[in-house]
Amino acid sequence: MTVVRVDHDSILAGKNLMHETLRAYIYGKIHPLIKTRVWPRIVVCGHYDRDGPNVHISSNEKQEKRFNWHRPTAVIIDDSILEIRCFPGRDYVLHHALLIAYYLNLNSINASTSVVEYRLPSSENCLGLLSQSNLRFMGPVDTVILGYVDHLATNDDYPWEAGTDEPNQLFAWRRFRRADGSIVAFVGSMMSLWGDIIGNAVRTMQAQNNLSSVIYIGKAGSLRTQDIPNQVLVTGETSRLNNETFTWKSPLTTTLSTVHMSHLCQGIHVTVPSPLVETEDWLAENKHCADWVDCEVGYLAQACQEQDTLFGYLHFISDNVAQKYLYNLATERQGAVISARKGIWGEIRRVLALHLGVKNLEGGARGSIL
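Counting from 1 along the sequence shown, just add 90 to a position and that's the residue number in the working numbering.
There may be inaccurate statements among the hints.
[Unchecked claim] Keeping only pairs whose Cα atoms sit at most 25 angstroms apart, straight-line, the calculated DMTMM-like set for lysine to aspartate or glutamate is: (1) K432 with E256; (2) K152 with D381; (3) K377 with E327; (4) K105 with E437; (5) K152 with D270; (6) K105 with D232; (7) K119 with E154; (8) K449 with D141; (9) K119 with D139; (10) K414 with E375; (11) K432 with D232; (12) K377 with E396; (13) K339 with E437; (14) K339 with D371; (15) K125 with D141; (16) K152 with E422; (17) K449 with D168; (18) K119 with E207; (19) K432 with E375; (20) K152 with D232; (21) K432 with D139; (22) K152 with D139; (23) K119 with E452; (24) K105 with E370; (25) K125 with E207; (26) K125 with E422; (27) K449 with D240; (28) K119 with D240; (29) K432 with E422; (30) K449 with E207.
None of these hints come from the bench; they were simulated from the model.
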């Protein structure tokens, strides 16, 4: 397996589009063991391990969250090597290697003192854990909704299911049957469905659950100066991924055309492996050919096109890389941001309820839960 070294001495942190909030963003995501000392060698790999010997689970994990709270773990290999173990995904491994590289750069720890390396997982490793996960117990599903599902299917009278009584499963879902007999599932995961991981999750459900449509509700960074974070919803039918352009017909298009929302925009999306690649040079190259950016949409479009699965997304703008605003990726846990997003969730629930033909999602499509 190829080992790649990150030259963090050459990083120009001041050119990253997070600007003065970069440090806060990075510090909140670094495994605490990295901060305890200068490690001569830090290796990031795709290896999901939470129970093995000498595994250190990050104290940064927000275990009060229902979903997306598992974070990379750390293992001390010896006095000089610290291994950071991520859920297997090529972009996720790269993202965490970049986080560490930026951290060392910001703290003036040069490459002669501390080396950052990463090993990208194979395609087989990336798909293996997902194919053996509890998704195989979910059963047939026509439409899967991914992303911020805990903010969408909010009626706690109906439990999240895991398909098995065995603890520590990767996924949980709420399913219901629509009036036409088709089955919808809101699917959440304990780990981050970052980048190519979400595409592989869809491939797994295509093989095991016979799905025909995927809707992704997430967040994006805007490349347009006028888009105010936490006030704008965006969608589209084009994404650029690794110099390839994907286009599709979104199943949400008809629904969105009937909903009046002055803050809903359509445009062209670009997919990146990490917000840490978003520099001033990156913006100059992309601002005339893309409107917003995230790490998942292109992978979802790619996976869905492989099996003729319908795909649509509806995102809120969480940050603006073209214009400085008060709120950004480093301020997401501030009370004002949480409060502002309550209105966003309400708008998205309204769109989804109309699209799915249910009265409202806060009631969980009463009487139709499977």
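Which of the listed hints are broken here?
Hint check: 1, 2, 4, 5, 6, 8, 11, 12, 14, 17, 19, 20, 21, 23 and 30 fail, others pass.
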